[in-house]
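2 protein chains.
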Amino acid sequence: MVGRHGPRAPHQTRLTMNHKPVISVDAMGGDNAPGIVIEGLALTARHAADTRFLLHGDEAQLTPLIGRFPVLSGRAEIRHTDKSVTMDAKPSQALRASRGSSMWNALESVRSGESHAAVSAGNTGALMAISKIVLRTFAGIHRPAIAATWPTATGKAVVLDMGANVEAGARQLVEFAIMGEAFARAVHGKPRPVVGLLNIGSEELKGRDEIREAARLIRESGVDIAFGGFVEGNDIFSGKFDVVATDGFTGNVALKTAEGTAKLISGALKEALSASLRTKFGALLAMPALKSLRDKLDPRTGNGGVFLGLSGVVVKSHGGTDGLGFSTAVRLAIDMSRSDFSQEIARNLARLPGEHITAMPAEAADVLS
Amino acid sequence: MVGRHGPRAPHQTRLTMNHKPVISVDAMGGDNAPGIVIEGLALTARHAADTRFLLHGDEAQLTPLIGRFPVLSGRAEIRHTDKSVTMDAKPSQALRASRGSSMWNALESVRSGESHAAVSAGNTGALMAISKIVLRTFAGIHRPAIAATWPTATGKAVVLDMGANVEAGARQLVEFAIMGEAFARAVHGKPRPVVGLLNIGSEELKGRDEIREAARLIRESGVDIAFGGFVEGNDIFSGKFDVVATDGFTGNVALKTAEGTAKLISGALKEALSASLRTKFGALLAMPALKSLRDKLDPRTGNGGVFLGLSGVVVKSHGGTDGLGFSTAVRLAIDMSRSDFSQEIARNLARLPGEHITAMPAEAADVLS
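Which chain is which? The protein sequence lines are L and H, in order. Take the position in the first sequence, starting the count at 1, then add 230; the result is the number in my numbering. Take the position in the second sequence, starting the count at 1, then add 230; the result is the number in my numbering.
Read the hints as simulated data drawn from the structure, not as lab findings. You may find that some hints are simply not true.
Same chains, same names: a pair is fine if it fits in one copy or spans any two.
25 Å max Cα-Cα, derived DMTMM-like pairs, lysine to aspartate or glutamate [stated by the list, open to error]: (1) K386 <-> E489; (2) K386 <-> D261; (3) K500 <-> D525; (4) K386 <-> D454; (5) K386 <-> E501; (6) K250 <-> D570; (7) K250 <-> E344.
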């Protein structure tokens, strides 16, 4: 149905972007799977009439769930397996036991060219480890990164890495910048995304060596991106930058700090508004506005963490998400499968000086580290 | 007036905590100095009747400003200098030209024992570099850290380092934990503060080596602190931890990301509430509640970044702060000067295994790095 490719072939969306998307789903991954997975597919199916789904998981559980949603009729095909990767498995354990699981099979289906993208709400570490084994790393990329879409004052920005790499050298940061830029162009539809490197800008410190070196590399290598220099934490949200590149440790801390801040504020807001009858009445009148605010800041609407740097599209949905959140991840997978971002990445990678690596071998030591 | 100490003596607050505080102020430091400095002192003076101030700066500018506030009469003594450190000076430049400046003299006044603490809203990097030269590092501490007080759902937490050290090894992280714990005990009044190390807790990654090693050191060294393990970014605000230790790069990114998130939300809230007449009316009724929320989250009320690990108390106020913000920093300096936190630190440092360092020599290479 879709062309078949070897693991080192460039991203197959190039070959199929004019075809109807086929999305492979790990139906058993996530805290509330498979219920929210099927709900999410049903929500997506209403807005993506040309998309089909391959559901990897337990047929006995999936069949009645799918039956509840007529919109999925004839568009969701079950690929039975009774194996699945548990949410608390360590990547190394998961990897050994994962062959033939719903997660593995969803990824294998992308590798074989049967589907255009895989979506899972399962164990992040396992998904990344298995993705590297099954799909391999995109030619020229050292290690894949997890990218997330953040809301900004003027729209949205892509921030990466969100946790796949606890450290990142200068070359890796440049790769993240290039991948993020291609994503912002292809998925967020920004014609000329402004790219920044997350750093600390206080006058006493110019930040870390590898970040300064990455900036130099971008400026001197002839990579064709609009480089805006260093971004400070507060500027992630300002709208001045469309892409923010950082290591996975810092990115993960920043993401969770932002979540914690939002939670603190919304808790304080609720408390403040219920302080008196007067404020309660005021809150009631203001409710539509507060609700629209909540929707804008709802983490579920930005709920797809996409794995960039693999030879295939993999979208990770939040493990604890609901049907709406999962549908956001699936929509992202569809957008990605229609885009030509791999070509953008390949074009810029070719401009980087020095080493020319091909896809990395699937070394267990690397994946398990 | 206050006992005189050499630079390697333990923090002098122990000797003077029952005395009336004398606070040394860099009256020329900050974007809006000296105006906001004098305003801040006046605000503080109303609530700290026993405190005196030594103002380092330009007498011709300071005299008329002080004259506006009767509460400062007889309590603010000017120490004239016409030199000051500019806000945009690099630490290395600042250091060379800073001897005799208002910043230098404020710190020298602490070193000589004439005052109990110094406050400056000036150039952070210069203040840290000069502090290390003038006051030296506290015995047993490798490098000082900047600590900040963050609001949480249940009160407040101290987070450090906020930017003095772009990297931190395991031993340094443990020192930060010990200093933060002593601060939470002495200044926040928490009898048994729970200490955490900032890390990423996603299942695939246990975080960075030095953080795991620091956790092991704390658990095995017999350091007497309540260690709560790893903190994720969102848990900084939960109230589960009273102290969060991290390197200065990550701490600075987290702080600025939190600021950016709060700004994004408040902007969206304003916009949402002015969307229609109805929401405007609602907002009007809810205003007192929203105002109390804003006050709680006002960065100015947490506006003192204290330098921990020096042989003397130094509080850094935000460069762009106003009088209210500066007064918060001064109140923090007064609290610190009354506390006995140095003894807490010394006691725990003695329990750490291995090296026993004394105060570091004031090497220019170190300070200028």
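Results of checking the hints against the structure:
| no. | hint | result |
| --- | --- | --- |
| 1 | K386 <-> E489 | both (16 Å within a copy, 18 Å between copies) |
| 2 | K386 <-> D261 | neither (27 Å within a copy, 32 Å between copies) |
| 3 | K500 <-> D525 | both (16 Å within a copy, 15 Å between copies) |
| 4 | K386 <-> D454 | within (21 Å within a copy, 46 Å between copies) |
| 5 | K386 <-> E501 | between (29 Å within a copy, 17 Å between copies) |
| 6 | K250 <-> D570 | within (15 Å within a copy, 70 Å between copies) |
| 7 | K250 <-> E344 | within (12 Å within a copy, 78 Å between copies) |
Figure legend: structure checked against the earlier numbered hints; the only hint not met is number 2.
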